[in-house]
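Enquirer: Protein chains in written order, with numbering that gives the first Met the number 0: chain A, 0 to 569; chain B, 0 to 205.
A couple of the hints might just be wrong.
Stated by the list, open to error - Straight-line alpha carbon distances no greater than 25 Å define the calculated PhoX-like cross-link-like pairs of lysine-lysine that follow:
{"hint": "1", "chain 1": "A", "residue 1": "Lys-310", "chain 2": "B", "residue 2": "Lys-106"}
{"hint": "2", "chain 1": "A", "residue 1": "Lys-143", "chain 2": "B", "residue 2": "Lys-48"}
{"hint": "3", "chain 1": "A", "residue 1": "Lys-288", "chain 2": "A", "residue 2": "Lys-310"}
{"hint": "4", "chain 1": "A", "residue 1": "Lys-195", "chain 2": "A", "residue 2": "Lys-110"}
{"hint": "5", "chain 1": "B", "residue 1": "Lys-48", "chain 2": "A", "residue 2": "Lys-110"}
If you are wondering where the hints come from, they were derived from the structure by calculation, not from laboratory data.
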Amino acid sequence: MTQKTTSGGEKVIQCLEREGVEVIYGYSGGAAMPLFDALVDSKIKFVLVRHEQGATHMADGYARATGKPGVVLVTSGPGATNCVTGLLTALMDSVPMIVLTGQTITSMLGKDAFQEADVTGITYPVVKHSYLVKNAADIPRVMKEAFHIATTGRPGPVLIDLPKDITQGPCNAPFVDSVKLPGYHIPGRGDAGLLKKAAALLMKSKKPVLYVGNGAVISGAGKAIMQLAEKLGAPIVNTLLGKGACPEDHPLNQGMLGMHGTAYANRTVQHCDLIMAIGARWDDRITGKLSEFCKDAVKIHIDIDVAEFNKIVRPDVAIAANAKLAIEDLIPLVSKLDTRDWLKDIAGWRKQYPLKYPKKGGLRAQYVLDRLDKLGGRDCIITTDVGQHQMWAAQFCLTTKNRHWLSSGGAGTMGFGFPSAIGAAMATGKPTWCVVGDGGFQMTLCELATAVLQKVPVKILIINNRCLGMIRQWQELFFDNRISGADLEGNPDFIKLAAAYNVPGKRVKRAGDVDKAIKWAMAHNDGPCLIEVEVVKEDNVFPMIPAGAALSAMIIEKPKEKMEKPTGST
Amino acid sequence: MNRNNIMATTTEQRGAKFELDPGKAPRRNVVTDIITSPMHTISLLVRNKPGVLVRVSLVFSRRGYNMESLVVSPAISVAGIDAAPGEFSRMTITCSGDPDALEQIIKQLENLIDVVHAIDHTGHSVIESELALVKLKAGLKERTEILQIAENFKAKVVDFGTDSMILRCAGETDKLDAFVGLLKSFGITELVRSGKILMARGLDET
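Excised from the complex, chain A in its bound form:
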């Protein structure tokens, strides 16, 4: 009896199994046929989405919620190009992801074959690394390397382009268990001398603040940071993506800082004499006008990516390390600081500038999200889309657990919220609230079918203001209220739309009905459900620091005078 030869496609799937992959999100197509054929005999679950972008965001949500790499499988040409946004989203937010793309046969590469696209070429700027496999014998090595690269160091997406003749032909190469990547270095523990220097600076500080970013979420540094903060008596602020690393209901945590952060978080940063970035990258949403940002404060920067040092800010001490290990090593080097006056100042700002919103004039998104927080939102995973609702959710829905807040930060990808919720809910089985706007939801709403098929406990909360709220806000504040390209007329009836997919829905128009609807969705445990909240159109997210302005230029409410056009990037 002759032994059955393994095809390249089967080898790819076997490699995925060896890496512990449980689920693949994707969309089939001609050039990926051998891979899909191999999936038939695999125990890996395949989720057929409705658009490739959705697959990438689902894999992204899966990865953000678990820390495990999300896997995407699509075909060549348009299948692959539809993944570009998802790759950018994952790269900007350091999400481990493997994207397998079918490709035309090697002999036709570069000859404008049907559904051919130079996918490695198109995606160079949006991947951590990529491969075009031209020899089946390379499959085990490439797969091993891809997972290693995607998940270690600063995580990111890795793309593997697989020509059809490679996946269809035989592959006899043995599995590989180690990688040889001489150009790839992963910082682990921080340099002992630099840690001592950082500790000495901390000990001299009277008004320190710990500025916590996504690196703390990824490395699971939260517990160590809390220990450090409590030992020092130092306040914490977190970035949009750093939400959840340290519980936001802890008295030392001032919540989100930056453009739409809490006033007290920004005041804390503005008045500190030492700021320590832990896995955060001094994003322009955080610093505002750089020349004014923490001008006289000592800056310590802990990051696993050395390219982040001196990129925006020149720190006094830069420690290249895994955030968790660095903080753990730092704890024994420090002792209690006398920060009583400092914490008193901050408590004063908390009292002076609480998060607030107008209680009159119709139903407000802020109220709905505040109620969601109070009615158990903190125990659920929350994903958001991009825009006003995202900022309100970040402000009012406190995150107390690591990997429970999923939002597209760096790329600001509309359409991310809903598919990422499907991925997160599938990965964890936890109830997942998907807070979206009426704009972003319509970008990937076709995944309602996927959500229904997978029976995911996703609770879609559409904050419907019938416009692109953040755009409208900018036009109102900075462009003489000349509204352009922001009105979403022609929105569907979201409840009927949900019904068409067999998703139960409830529309809320009055504040009095909010609690009932949220409780109904919390209790719904048979697949996805949807709440549409009709909120006032002309509402603005405050506090706000106009792009490119200093933190001190923060506005708490709508100013009476006309404002200058912002100078910052966006």
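Place chain B on chain A using the hints.
Expert: Structure of chain B alone, referenced to chain A:
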């Protein structure tokens, strides 16, 4: 990247652009060699794989940095790495621009999986060299003078026609700039320069 490409240059040879296009303001005065923006020379040790060059050049172009010259050649041995023949290549890149951005560029190059190391040699003591081929339209009258210049620069005549000649000159960039500058008045019809290559002195790593 092709192993057989011992020396490849970008389409934009240094000097040629403004030598042959007098309408454009020169960025560098080739005779006196006044550098208007700081020049940097970076050497890279990379894995010899398709796409490496694109990844490297994207790091530059994303920041609006222009590579002035680029030389790629196979590396024979690599310190500390068990390398198969043809597994690694060396790149020498010269570029000009803001030093802060360059620091980022070096770090981003280092971050590329296929880049083993990237070293900025600006200000280091290095051995550097470049090759130039100069085609001149030269009748009998000018020949003696041209040959005299060639001799002074230890340049070689590699092609001799009835009304043209090609000179080959090797040496440091400054020397070639001066050589080309002196020949300018004789009517250079074509100029091809290899781009700078360099090697760190002693046992230092290039």
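Enquirer: Now tell me, hint by hint, if it's right for this structure.
Expert: Now for the hints, and whether the structure bears them out:
A hinted pair counts as satisfied when its Cα atoms are at most 25 Å apart, and Lys-310 (chain A) with Lys-106 (chain B) qualifies at roughly 10 Å. Restraint check for Lys-143 (chain A) and Lys-48 (chain B): satisfied, since their Cα atoms lie roughly 18 Å apart, inside the 25 Å limit. Restraint check for Lys-288 (chain A) and Lys-310 (chain A): the C-alpha separation of about 15 Å stays at or below 25 Å, so the hint holds. For the hint pairing Lys-195 (chain A) with Lys-110 (chain A), the CA-to-CA distance comes to about 59 Å; that exceeds 25 Å, so the pair is violated.
Restraint check for Lys-48 (chain B) and Lys-110 (chain A): satisfied, since their Cα atoms lie roughly 21 Å apart, inside the 25 Å limit.
Hint 4 alone, counting from the list given before, is not met by this structure.
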